[in-house]
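As they're listed, the protein sequences go chains A and V. By the count of numbering that gives the first Met the number 0, the first sequence reaches residue 399 at its end, each step adding exactly one. By the count of numbering that gives the first Met the number 0, the second sequence reaches residue 151 at its end, each step adding exactly one.
It cannot be assumed that every hint is accurate.
[Stated by the list, open to error] Derived DEER-like restraints, expressed as beta-carbon distance ranges:
1. Asp125/V / Arg126/A: 33 to 39 Å
2. Trp13/V / Gly167/A: 36 to 42 Å
3. Gly328/A / Gly127/V: 30 to 36 Å
4. Thr169/A / Ser116/V: 27 to 33 Å
Hints were generated in silico from the structure; no laboratory data involved. All C-beta atoms in this analysis are idealised placements derived from N, C-alpha and C, irrespective of residue type, glycine included.
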Amino acid sequence: MPKHPSSGQYAIIGLGVAAGAQPGRSERMVAAEAARLAIKDAGLTPKGIDGAIDLRRTGGGGDRANYTDAYSRVLGLNNCFYFVVGRGGALAGLGIATALSFLDRGIAKYVCLMGAVTDWSQAQESRKHGHRGMAHGEKAGYWGKALGDQRAVSHHSWMAARHMAVYGTTSRQLGAISVAQRAWACKNPEAKMHGRPITVEDHQKSPMVVEPYHLLDISLVSDGGIAFILTTADRAKDRPKAPVYVLGQGFGEVSAELWWEKKNFTHMAVHPAKEQAFGQAALTLADVDCVQFYDCFTAEVLFQLEDYGFCKKGEGGPFVEAGSIGPGGSVPVNTSGGLLSCYHLGDLTGMAESIRQLRSEAGERQIKDCDVVLTTGHGGELLSPGMCSIHTCTLLGRHP
Amino acid sequence: MSEKSNVIVSNAPWNKPLPNIDHDNAAFWEGLKAHKLLVWRCKTCGASYWPKAYCHNHENEPFAANMDWVEASGRGKIFAFNIHHGAFDAGFKDDVPFVYALIELDEGPLISSTLVSGRMPKDIYDVGQKVEVVYEDHPAEGFTIPRFRIVE
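Just need the whole structure built from these sequences, with the hints factored in.
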């Protein structure tokens, strides 16, 4: 199959990362700072940005767009549109798909996409009131909140538990994912867990939070913002940094199968998303040089390895236990350390790492001759008792 | 707490988040107060849903008029479960550790709640046990919470 006419016609030309704890800073200032860095990286000025998208976790337990000072206004962008896109952890993938329609019709030449959170700072406040973990207590309309289902781990852990019961997966195997990503983080000075390697024994000894999940199965709670600038391939050619091309995108939803098939406790909606994205790009799994999977918890990584076909369904446990996804493994996964060990800024964490790998800016963790990166997002409302529904797949490349 | 058959009456103050009772599920919560576990059933094909939905199997009447709440068996089996070792919300401090289970009702839909009274799964691989609903009445609060217990 030839590639789709849109494949390689759009590119990311700027990246801005404001990572790490941001105490005493508002979310809008963190957002504006990430956007400022991205615009500068693209060799542009705020007046050169004519469209702004705010990537927000509008599904699940995440925050809502609850402030009025949009980062575009704080920063003085020359934008003709600003709005919010997002669904749980599926932010950057949906944002790119949205921005393309504005670029395609010439409404915008350069679109800034930015996502920022202050989860770490909020969690510190919440702790003072006797609560634990991320401070997202609202969950309006959610069935489980009166039952103690207060955090993502309260129900995401069912996915790990179900996979374990059906396929015999073990906690040590999930631990191998955590260990592999920590090894990557130790090659990334920006990662929160840089310099803190772990073993499977450390994983097993870490506190049991919601069994079967230990603390080290659970992603980090972070502050920070990430922004990137998207434009058309022709405009991308004369920018300071090498363009990162959008080769294909695909989307899947499991909600249609929620009640009857009950598949989404051992599968994610990868199948349609993979077919669409790889079809547009005319690529196969063998063309992928590294993978940035959405990894809110360890089992999400396991499911995606199986669902994309890096190993057979149910065989993810032995696959990761063999060291396949860490440094030196056959499939480098979450090379920044991911949400588990770098920082949790939704799928922007994987998007930023994809851009760096394709620009050869990844330092000690750089994948040699990195031409194609697969990056995913995952999320959605907690439609009780179902799980995050959407899966997004984005293929990025060094060449159009 | 006093316990009689599959009913628990609690007069302890409810210091947890309140259940979400809205237009779509008010009848379901009324059913619980009458000690009935309701599912949303299609009058055309008999398929059961929870929570409320349009029937996925065929064309629906306006606003799902072809559907109705009916009493379910109150029985099912454990599909998956986890064990909460810590309380994220301070209101659950006295409850941990607790088993939070995903129950596959005999009628088909999944529902979640905690397990109460009696046998608990021996480890995370121990799924599929038959369960039945237990009604936890909170008369002072005006609602009944459905819990489950293993019956085999």
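*Hint by hint, work out which the structure violates, then give me just those numbers in ascending order.*
Result: no hint breaks.
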